[in-house]
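The hints should help you fit chain B onto chain A, whose structure is shown.
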Amino acid sequence: MSAFEKVAAARSTKKLTSVDYINALFGESFVELHGDRNYSDDKAVVGGVGMLNDMPVTVIGLEKGRNTFERMERNFGAAHPEGYRKALRLMKQAEKFHRPILTFVDTSGAFCGIGAEERGQGHAIATNLMEMMALKTPILAVFIGEGGSGGAIALAVADEVWMMENAVYSVISPEGCASILWKDSSKAAEAAECLKLTAKDLFELGVIERILREPSNDDRKMFESLKLLICRTFEKNLSIPGDELAKMRYNRFRKIGKQDA
Amino acid sequence: MDLFTFMKPKNELESSDEKDVKKPFVPDEMWEKCPECGTLLLTTDIEENMRVCSKCNHHFRLNARDRINMTADKDTFVEMDADFESTNIIGFPDYDEKLEKNKKKSGEKESVICGTCKLGGIDIVIVSMNSEFMMGSMGTVTGDKITRAFEYATEHKLPIVVFTVSGGARMQEGILSLMQMAKTSGAVKMHSDAGLLYITVLTDPTSGGVTASFAMEGDIILAEPKALIAFAGPRVIEQTIRQKLPKDFQTAEFVLQKGFVDKVVDRRYLKETLTHLLKIHNYGEVEK
Numbered sequence: 001m002s003a004f005e006k007v008a009a010a011r012s013t014k015k016l017t018s019v020d021y022i023n024a025l026f027g028e029s030f031v032e033l034h035g036d037r038n039y040s041d042d043k044a045v046v047g048g049v050g051m052l053n054d055m056p057v058t059v060i061g062l063e064k065g066r067n068t069f070e071r072m073e074r075n076f077g078a079a080h081p082e083g084y085r086k087a088l089r090l091m092k093q094a095e096k097f098h099r100p101i102l103t104f105v106d107t108s109g110a111f112c113g114i115g116a117e118e119r120g121q122g123h124a125i126a127t128n129l130m131e132m133m134a135l136k137t138p139i140l141a142v143f144i145g146e147g148g149s150g151g152a153i154a155l156a157v158a159d160e161v162w163m164m165e166n167a168v169y170s171v172i173s174p175e176g177c178a179s180i181l182w183k184d185s186s187k188a189a190e191a192a193e194c195l196k197l198t199a200k201d202l203f204e205l206g207v208i209e210r211i212l213r214e215p216s217n218d219d220r221k222m223f224e225s226l227k228l229l230i231c232r233t234f235e236k237n238l239s240i241p242g243d244e245l246a247k248m249r250y251n252r253f254r255k256i257g258k259q260d261a
Numbered sequence: 001m002d003l004f005t006f007m008k009p010k011n012e013l014e015s016s017d018e019k020d021v022k023k024p025f026v027p028d029e030m031w032e033k034c035p036e037c038g039t040l041l042l043t044t045d046i047e048e049n050m051r052v053c054s055k056c057n058h059h060f061r062l063n064a065r066d067r068i069n070m071t072a073d074k075d076t077f078v079e080m081d082a083d084f085e086s087t088n089i090i091g092f093p094d095y096d097e098k099l100e101k102n103k104k105k106s107g108e109k110e111s112v113i114c115g116t117c118k119l120g121g122i123d124i125v126i127v128s129m130n131s132e133f134m135m136g137s138m139g140t141v142t143g144d145k146i147t148r149a150f151e152y153a154t155e156h157k158l159p160i161v162v163f164t165v166s167g168g169a170r171m172q173e174g175i176l177s178l179m180q181m182a183k184t185s186g187a188v189k190m191h192s193d194a195g196l197l198y199i200t201v202l203t204d205p206t207s208g209g210v211t212a213s214f215a216m217e218g219d220i221i222l223a224e225p226k227a228l229i230a231f232a233g234p235r236v237i238e239q240t241i242r243q244k245l246p247k248d249f250q251t252a253e254f255v256l257q258k259g260f261v262d263k264v265v266d267r268r269y270l271k272e273t274l275t276h277l278l279k280i281h282n283y284g285e286v287e288k
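Heads up: the sequence lines are chains A and B, in that order. Quick note: the first sequence, position 155, residue 155 per the numbering used here, numbers continuous. Quick note: the second sequence, position 19, residue 19 per the numbering used here, numbers continuous.
Okay, chain A solo, but in the shape it has when bound:
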């Protein structure tokens, strides 16, 4: 598969969304929690608490919606500032009760619009980056579809970042890149290749820790093994003192693009 075919696969509407993953992993135990306590409840972000085997976990996902109606309601997974603020509220709550945090990333990017700018999209993302870096509880981010730039990293400052084999993660969309650089968005396929945005590229660049085989919706066995893998990672990280874990998280990002003095 070429890079651009991966992008198309990541955007496919047939793909499982965050809600599918949450249902499959948490089942009946999931309780959705709403709102950022400040402005509103952004439906592009779904979050709450539930049990992963015997472990209480806070789970947050960027949700694109599974049919046309849902996609409209979820704003196609493009969150507003209140969505990122809701996520941060739930993460702070997780830290208080020393619960690990699991995030699912699937978005073309943070929403670009008048309201989003007026309510401080940049500020909301910046605050998440800063606060997530210091959270004293384990965080794991899983990219299940599209990872669009600032809107994706705002939920991905984690101890480990995993990606589905057909997920992508990029600083800019291939179309955006092509139209800025070559004034021609039809060269998106070429741009996709240059941007190094596939799971394999990112693994080689040291940006992610693990590439996962993608489960289908009725694949119980795959979900059970994914659940086990997540639980093991959380168990390992829960045994590390919070301060130290935060420091390790900082060093994880610190080494990316580090220059020799």
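In case anyone wonders, no lab produced these hints; they're calculated from the structure. Nothing here was measured: the structure is a model prediction, and the numbers come from that model. Some hints could be false.
Listed below are the simulated DSS-like cross-link pairs for lysine-lysine, each with C-alpha atoms no more than 27 Å apart in a straight line [as the list claims (entries may be wrong)]:
1) B:K226 - B:K33
2) B:K101 - A:K258
3) A:K183 - B:K104
4) B:K226 - A:K136
5) B:K157 - A:K247
Here are some of the chain B residues that sit facing chain A, going by a computed Cβ distance under 10 Å [as the list claims (entries may be wrong)]:
6) T116
7) L119
8) K145
9) L245
Over 10 Å on every C-beta distance to chain A, these chain B residues come out as not near it, computed from the model [as the list claims (entries may be wrong)]:
10) E29
11) C37
12) R65
13) E79
14) I122
15) D144
16) M179
17) K189
18) E217
19) P225
20) K258
21) R268
22) G284
C-beta: ideal position from N, C-alpha, C; glycine also.
Below, chain B without anything else, positioned relative to chain A:
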């Protein structure tokens, strides 16, 4: 007399068909037109007025070096990591050439200059981004230099002042640029947790990945008048929502009114304001 063959007698000064006629010589660099009000201004006058239009108060863009010279006390600036240079880490087409061109154009090696200096006699770390180098875009070296500046400030218990100007993350370095948003934010957090002061000065334009990271993380966020401050630039938004944006949308004054900037400060009073804020935070000698 044939009326239509009448020609006006030639005036010596008017001989337009002669090309080598000497017009008064005005070197280009002597005058600059204010892009806001259109007034023709003497370059020396603009320089004297800290590159602010004396007619309409338009703030011309400053390069990073001039910014530092204007802010730091005389002869106190010591540059850090001056020799750090970007390389084409993901093999992006034409990036090497672009880097060379921008180095030549700006006379700098990267899109940010970091160092220490005194400001109103107070020791600070200073970071100044450069719009003349790839529109101040944040690559890995930019991110690393800024991170190191924050780490230095934390280690030496110094306050830090950051002047931002940027088009966002540098796409020629792909995902590695995006990671700098998290990295710089982590360094800001450590500086903040150590109880130290971080003042941001947003200048025209500050956008994208820089707005969505350290630019918006200051304890105090100042901005220059009329500066564009955005996450998504106006063109991207217009394309997304397919409507024209109001003229003052995303200006410093607009962002101030929305509550994301503490104060809009005229460049000519900036040094005074920064010194005062540093003193209020108990840096330097407290005046009694």
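Hint by hint, here is what the structure shows:
| no. | hint | verdict |
| --- | --- | --- |
| 1 | B:K226 - B:K33 | holds, 18 Å |
| 2 | B:K101 - A:K258 | holds, 24 Å |
| 3 | A:K183 - B:K104 | holds, 24 Å |
| 4 | B:K226 - A:K136 | violated, 40 Å |
| 5 | B:K157 - A:K247 | holds, 19 Å |
| 6 | T116 | violated, 15 Å |
| 7 | L119 | violated, 25 Å |
| 8 | K145 | holds, 8 Å |
| 9 | L245 | holds, 7 Å |
| 10 | E29 | holds, 31 Å |
| 11 | C37 | holds, 27 Å |
| 12 | R65 | holds, 21 Å |
| 13 | E79 | holds, 14 Å |
| 14 | I122 | holds, 25 Å |
| 15 | D144 | violated, 5 Å |
| 16 | M179 | violated, 4 Å |
| 17 | K189 | violated, 5 Å |
| 18 | E217 | violated, 5 Å |
| 19 | P225 | holds, 19 Å |
| 20 | K258 | violated, 5 Å |
| 21 | R268 | holds, 27 Å |
| 22 | G284 | holds, 27 Å |
Violated hints, in rising order: 4, 6, 7, 15, 16, 17, 18 and 20; the structure is consistent with all others.
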